[in-house]
Every structure is written in C-alpha cells, then in structure tokens.
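Protein chains: 2
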Amino acid sequence: MEQRRPIAVLGCGLIGESWAALFMAHGYDVRAWDPSPEVLAGFAAKLERPLSQLAELGCDPGARGRLLLAGSVREAVSGTAFVQENAPENIPLKRALYAEIEAEAPADTLIASSTSALTWSELSPGMCSPERLLTAHPFNPPHLVPLVELYGISERSLEQAEIFYRSLGRKPVRLKKDAVGHIANRLASALWREAVHIVAEGIAEVGDVDAALMHGPGLRWSVMGAHMTYHLGGGQGGMAHYLRHLGPSQARRWASLGTPQLTEAVCEALIHGVNEEAAGRSVSELEAERDALLIKALQARGRG
Amino acid sequence: MEQRRPIAVLGCGLIGESWAALFMAHGYDVRAWDPSPEVLAGFAAKLERPLSQLAELGCDPGARGRLLLAGSVREAVSGTAFVQENAPENIPLKRALYAEIEAEAPADTLIASSTSALTWSELSPGMCSPERLLTAHPFNPPHLVPLVELYGISERSLEQAEIFYRSLGRKPVRLKKDAVGHIANRLASALWREAVHIVAEGIAEVGDVDAALMHGPGLRWSVMGAHMTYHLGGGQGGMAHYLRHLGPSQARRWASLGTPQLTEAVCEALIHGVNEEAAGRSVSELEAERDALLIKALQARGRG
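Protein chains in written order, with the numbering used here: chain W, 1 to 304; chain B, 305 to 608.
By construction, these hints were calculated from the structure, which means they are not laboratory data. It should be emphasised that the depicted structure is a prediction, and the values quoted were computed from it without experimental measurement. Heads up, the beta-carbon is just placed ideally off N, CA and C, and yes, glycines get one too. Keep in mind that a hint or two might mislead.
Counterexamples of contact, computed for chain W against chain B with all Cβ distances above 10 Å [stated by the list, open to error]: (1) S52; (2) G58; (3) A63; (4) E75; (5) A96; (6) G126; (7) M127; (8) C128; (9) K177; (10) E194; (11) A251; (12) S256; (13) K296; (14) A297.
Heads up, simulated SDA-like pairs for lysine to any residue below, C-alpha to C-alpha not over 25 Å straight-line [stated by the list, open to error]: (15) W/K177 <-> B/A582; (16) B/K475 <-> W/I295; (17) B/K481 <-> W/A269; (18) W/K171 <-> B/S433; (19) B/K481 <-> W/K177; (20) W/K171 <-> W/I295.
Start from the sequences and build out the full structure, keeping to the hints where you can.
Here it is in structure tokens:
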C-alpha cells in the first residue's frame, strides 16, 4: 500500500467516521462519500473526537492526512489504493456499489466491506474481480478496538490487507471459511445468551453480571484467549490434560447452559437492569466513559 | 473486620497461595494450613511471586502481614476473623472441615469457600450456623483478577464479606440464587462452547479465535459488560431500541450457535491449535506473560 494514494470511505455513519479518523491519523488522505448530503456536510465535525482520541494514543496530529468530501462514488474511489465500504446491510445496494467501484477505481484497489451481518459469499456475486473483495469486519469503535476479521478468496489480497491494517495498529485475524457473525460476534452472542439466561432465571442482576464480566473473564480475555486459558487450566499438562480430566465436566456445564427467549418479561428485566446500571448516565456519557477506559487499556498494552 | 485478627487460609494450593499473598499484602497476618506437610513447608516460597506482583501494584512490602504455618485446623482458625477455605471440590471433606472450624473459631468468624464447582446449598447442610458460610469464588489468579462471586443467606455476613474484599481491592458481586458455575464460569463456558465450535467447523484456527477475543470483545468487556454493550448498541434509544429492532436477529444468531462435542478429533484440533499458539512457550512462561499483562491492565485502571 503506497502512502501516497488516498483511501476511500464509502458510507459515513458511525463506522465510517471511525475508519476515516483512523486512516487520517495514520497519514492517509481520505475521500469520503455518503448518499446523504447532510451526513457528508457534518462528517468533518464528527471526526474531531476520534481524531483527538487517536492523538492521545500517540498519532501525531501534524502528520494527519486530509479529508475530501466526494460528490460521487466515482470521485471517491478514482485513484485510491483501498476502499472501506460501510454501506447499510443490504445485499443489492452493496453489490451495486461494488459494480460502480470496479468501473471507476484502479484495477488493483482492494475493496473491504465492514459488513457485520452479511458474508463474502452473499456480497461477491456479480463482481468482475471477486478476488479484490474482502470482508473486513471491525469491532466497535474501530479506531480504538484493534480487531479486524478478514475473509476473502485471494491470498494476495488478504496479505495486502493484513499489511495495511497492521500499519494502522490493527490486529487482523483471518477466517478460513465464510461465517455469519465472523468470529467475535459469534462469541459475543454466545456469551450474551447465557448473560440473558442468568438475568431471566433471577440468578443475578444485570449490573452484577456486567461487573462479573468486566472484573473477571473480560479482564482476563483482554490479555489471553479462551482456548489458551484452558491450556493453562490444565497445569503443566496443558490442554491435553485439561480435556482428559475436565472435558467431561465442561460438557456437563454446556448441557446446563440456558436457551432464553426474549419474551416481554425478559426484555423488561434487561431494560430495567441496564437503566439501573447506567444510573442516570446517557448513552453518550457511557460511550465517552467506555472510550476513556479503552484508551487507558490500549496505552497500557503499548507500554514496554 | 478488625485489622488485628488474623485470617485463616485452609488449603494451600494455587488458590490458597494467591489468597494468602493478597491478605498479607494488605497487612493481615495469615495462618495457613494444609493436610500435606510438604505443601505447607513449601508455602512461604510460593508466596514470593504473588507478593512481588502485589508490590508492583502498589501494596507496601513494609506493611505486609506475617505468615504462620499452622499445625492443625484448630491452630489455624482460633482467634481469626475470616477463614478462606480452598479445599478440594469434595462435599464430605468440606463439610467435615466446616464442623471443625465451627468448633474452634470465634463465633463471629466468617467462613468463605473458594469453591468453583459446588454450591452453597451442597456445602451448608450440617452446619450449626449456616449463616456464617459464604461461597466466595475468585477468578484465577485471585490476587490479580478482582472478581469475587458471593452467595450466602445472611445479609449481615454478605455485607461484612463485601467490605472485607473491597478493602483488598477486590470487586465482589452477589448472586441472588445459588447457581452451579456462579456467573463468570457460566459465561466463560458459554463462550468457550462457541469457540470450540468455530474450531471444530474449520471456521478459524485456535490462535486466531484467541486473538479475535483478546483484541475485540475481550478488550471491550474488560471496560464494559455485555448487557451495557447492547444498551449502547441501541444508540440513543438504548436497550429498549436494541431489543425492538435487533432482538429478533440476536434470537436467530442464538439459534445458529454450535453445540460441539469434545470428540477425539475436536480434542486433537484444540491441542494442536494451542500448541501452535504457544509457539514453544511453556505453561509457566505463558502464566508469567498473562500476569505481566494483567498487572499492566490493572495499573491502567488505577490511573486517574
């Protein structure tokens, strides 16, 4: 990826903002496009907070790339090295966008979709060069949380994308197979199902489930993955010892996990519980607190 | 909890070591007992690493409590304010221990069991004063990971235990109902089931699943719980908006989660995968890395 060619950001909602700030903070010029002129007009202002957060994390504000608001997809993608697409989760809409990108962007431009709900196999049909398409799913907020989940069919495109995202301080991870929910949202969904079950069964309050996660497994998973944790749980014998001695008890625990339904009563308990936990803080205030804590955690990781 | 009365640590394995170091680092004298004279003889040496880690986290080594190796349960518990029991997960054995503690400890001494696999209801029968018994489940390693999950039947005992654990920098969380796996291990088990499914289905490698967790949801859950995350996922409308608009898609995702079996082939894939991820590092080396990263994360939390 040459430093000189700009990056296109298509779709300027929350995810587009975060990507644009990240690219600019790392010196790339960004060409942003959105079908809504109002969204586009307000875009530069929306970048101020993520850009200042990235400055806190060590990105030199003096080396920032420039922002160009593009009047068309053509203007956004021509001459770019990389397109990050953040359009709504709508297959025909995204496919139409890819057709336009393929017509207007240089032949070697990679097209990375931030899609959360859709898969590469649903998005690629109709493309002239499907090897240019990658799903590159970030985790919110993408300028702070380093994960990017990649899937594509071209080894060369995947390698290029990995090098690019790593140069932005991201942690790209590859899927070997296209999967709905990629990896992280599948894990998050599995955990939340049990978190909802615990509330539905009256085992603990919403805020206490969240506190248990933050001060227990969440903290530990921020430094070591789940598989490796069980490897350590096996002592000197590692995962093999763990599976031999504790595998059956895990299987029993799996069988005891809940399969809650989001009934009206369960929904009410969840809404009531998060409101108690929020204790009057607005969603914006909670986001700001989350970001401040994420920045501290990322700064700690960076320390030698 | 008076600062002057010592704390008894019964059972001096990995969890007992960690608790003893934590109590001593906060100025409490510890009376340690274990049925194995060899374990007891080696106990002081085992405390060196956790004690030095706690010094890194700001506990003054000059204010450390003393360690007494007790020759009997009676010697360990007499005159104590608090007993932390870390015996093997064996109901008759633990019940026999509680009978001995009730006979020898002051009448107001709380008995806190570190049990992971058993419940309060299984442990309390036969006690003269079951209101003195609490399950107080820590998360490994307990001197670093702040979570302690509490269950008991006496409000007064629970409050005393919460004050005590908070004074040690712990984050106690209450269960409203006795539950196998408390909260955190239920969440961890639910997540790992899907992590195993992802490997079993060939969606991603063990190391990539772990990396996705550490750099994505794990990092985010270390600063915000799962319920609150979906509250933010609903935008300004919060959890109510999220459930109304995205509840059905979560329910569909729940239905698509895996129910893997720990077959020989799956076990082999897990063992092979963690060995690749470990890349030659021993379990002890991995533990030391985990602890160093936990200490950095905890230091970051402490920063204003």
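Each hint tested on the structure:
Listed as outside the interface, W/S52 is consistent with that label: its C-beta sits roughly 19 Å from the nearest C-beta of chain B, beyond the 10 Å cut-off. With a minimum CB-CB distance of about 15 Å to chain B, W/G58 clears the 10 Å threshold, and the non-interface call stands. Chain B leaves W/A63 outside its interface by the beta-carbon criterion, the shortest separation being 24 Å against a cut-off of 10 Å. Distance check on W/E75: its Cβ is at least 30 Å (rounded) from any Cβ of chain B, clearing the 10 Å threshold; non-interface status holds.
No beta-carbon of chain B comes within 10 Å of the beta-carbon of W/A96; the shortest separation is about 23 Å. No beta-carbon of chain B comes within 10 Å of the beta-carbon of W/G126; the shortest separation is about 25 Å. Residue-level check passed: W/M127 sits 23 Å from the nearest beta carbon of chain B, beyond 10 Å. Once the 10 Å rule is applied to beta carbons, W/C128 is consistent with being away from chain B; the minimum gap is 28 Å.
For W/K177, the shortest C-beta to C-beta distance to chain B comes to about 5 Å, within the 10 Å cut-off, and the non-interface label is violated. At the 10 Å boundary, the C-beta of W/E194 falls inside the reach of chain B, the nearest C-beta of that chain being 4 Å off. For W/A251, the requirement that its beta carbon stay farther than 10 Å from each beta carbon of chain B is not met, with the minimum near 6 Å. With a cut of 10 Å on Cβ distances, W/S256 falls inside the contact zone with chain B, its closest approach being about 6 Å.
Look at W/K296: its CB is around 4 Å from the nearest CB on chain B, not clear of 10 Å, so calling it non-interface is violated. The beta carbon of W/A297 is not kept farther than 10 Å from every beta carbon of chain B, the shortest such distance being approximately 6 Å. As the CA atoms of W/K177 and B/A582 are separated by approximately 23 Å, the hinted pair is consistent with the 25 Å bound. Proposed proximity of B/K475 and W/I295 is supported: the alpha carbons are some 22 Å apart, at most 25 Å.
At most 25 Å may separate the alpha-carbon atoms for a hinted pair to count; B/K481 and W/A269 meet this at roughly 16 Å. Note on W/K171 and B/S433: the hinted pairing is violated, with a Cα-Cα distance of about 53 Å set against a maximum of 25 Å. This hinted pair does not check out: B/K481 and W/K177 have alpha carbons roughly 41 Å apart, beyond 25 Å. Between W/K171 and W/I295, the direct Cα distance comes to roughly 16 Å. Compliance with the 25 Å bound is thereby established for this hinted pair.
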